[in-house]
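Listed below, chain by chain, are the residues.
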Amino acid sequence: MSIASTTQQICFLVLSATTVVGSLGVVLLPNIVYSAFLLGGVFLSVAGLYLLLNASFVAAAQILVYVGAVNVLILFAIMLVNKQETLAVIPGLLVRRLLSGAVCAGLFALLLRVAFTTTWALPGPPPVGEEATIRIGEHLFTDYLLPFELASVLLLMAMIGAIVLARRDVFSTDVITGEPADQGLIEKERTPLLIEKSANEPTLLTKP
Amino acid sequence: MSTDLASPIPLEAFLSVAAMLFCVGVWGLINSRNAVRVLMSIELMLNAVNINLMAFSNYLDGQLIRGQVFAIFVITVAAAEAAVGLAILLSLYRNRETVDMERFNLLRW
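Residue numbers (my numbering), protein chains in the order written: chain L, 1 to 208; chain C, 1 to 109.
Everything labelled a hint here was simulated from the structure, so no lab data went into it. Each hint should be verified, as a subset may be incorrect.
Covered, in the sense of this in silico footprint (three residues per stretch, anywhere, with C-beta under 8 Å from a C-beta of chain C), are these stretches of chain L [claimed, not checked]:
id, segment
1, 38 to 51
2, 58 to 67
3, 109 to 123
4, 145 to 156
Here a beta-carbon is modelled for each residue, glycine too, at the ideal position from N, C-alpha and C.
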């Protein structure tokens with residue numbers, strides 16, 4: 001890479017600081033919309049870290065998939081389920097948070113110790129740099145062909161599963177009473193609806 | 001690491017950032033009361049794992065960059081997980097009318 005080493009170090013410091021502070025904001029901010037936008041910032045800075053690691057293709061994939069798809073999906077979910085509700089007070093919540101914080105700090109210390117005490121086999125082979133995309137393509141169509149195809153099947157399954165889970169007009173009969181019961185009957189009127197319902201009367205179902 | 005072929009950033013720096021991101025994700029996963037935030041914490045943890053994979057791929061496996069291929073698969077699975085997770089969340093919200101994790105105790109023994 002032709003970028004000067006000081007520039008790389010400055011970029012790394014800025015990107016890692018953005019990542020850590022943004023992730024803390026994602027977890028700690030009370031407003032979840034701010035959290036979602038900060039999550040997009042975290043994804044972007046992680047993509048910058050990938051660029052520092054000579055991986056331009058994965059950085060582009062990170063931006064396309066995470067910022068473009070996952071973050072937008074999360075924002076949609078926030079807007080769909082955005083209801084102001086007063087959360088019930090749980091006794092000992094602060095103690096629980098402190099305890100889990102201590103556990104996470106211990107985990108962090110353990111990971112740091114592992115990272116700094118292990119003697120890595122450095123320096124490894126020189127990185128391929130700009131040829132990384134070609135190498136990834138070769139991997140995906142030779143020795144990782146089966147996982148690649150399985151990933152496509154997994155995406156199809158996830159797509160169908162998400163549609164089945166999130167659709168509204170699932171008509172079925174109640175097991176106990178035998179009456180028609182769809183999800184629209186369970187929902188109340190104050191639920192924000194995407195589709196305006198014409199009448200509140202339950203539609204009669206013809207049993208097969 | 002002092003040769004000019006090597007990167008000016010040590011491998012441990014990337015591992016530390018990834019460890020921090022992972023621990024923040026774990027804390028958020030345990031302590032979030034909004035279900036959407038739980039999904040965001042899972043995404044944070046997956047990103048931490050991806051940073052680790054990419055760092056090892058660049059520093060220790062520079063010729064056969066298998067870590068990058070692995071990171072692509074992780075991104076794929078994460079996208080599928082986010083879609084299904086948010087669909088489950090939407091259907092839960094329709095039935096329970098809340099996103100409070102403390103009230104999703106349907107399967108509690």
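How the hints compare with the structure:
1. 38 to 51: With 6 residues closer than 8 Å to chain C, the segment 38 to 51 of chain L meets the three-residue bar; holds.
2. 58 to 67: holds (count 5)
3. 109 to 123: With 8 residues close enough to chain C, the hint holds.
4. 145 to 156: Check passed, 4 qualifying residues.
When the structure is compared with the earlier hints, no violation turns up for any of them.
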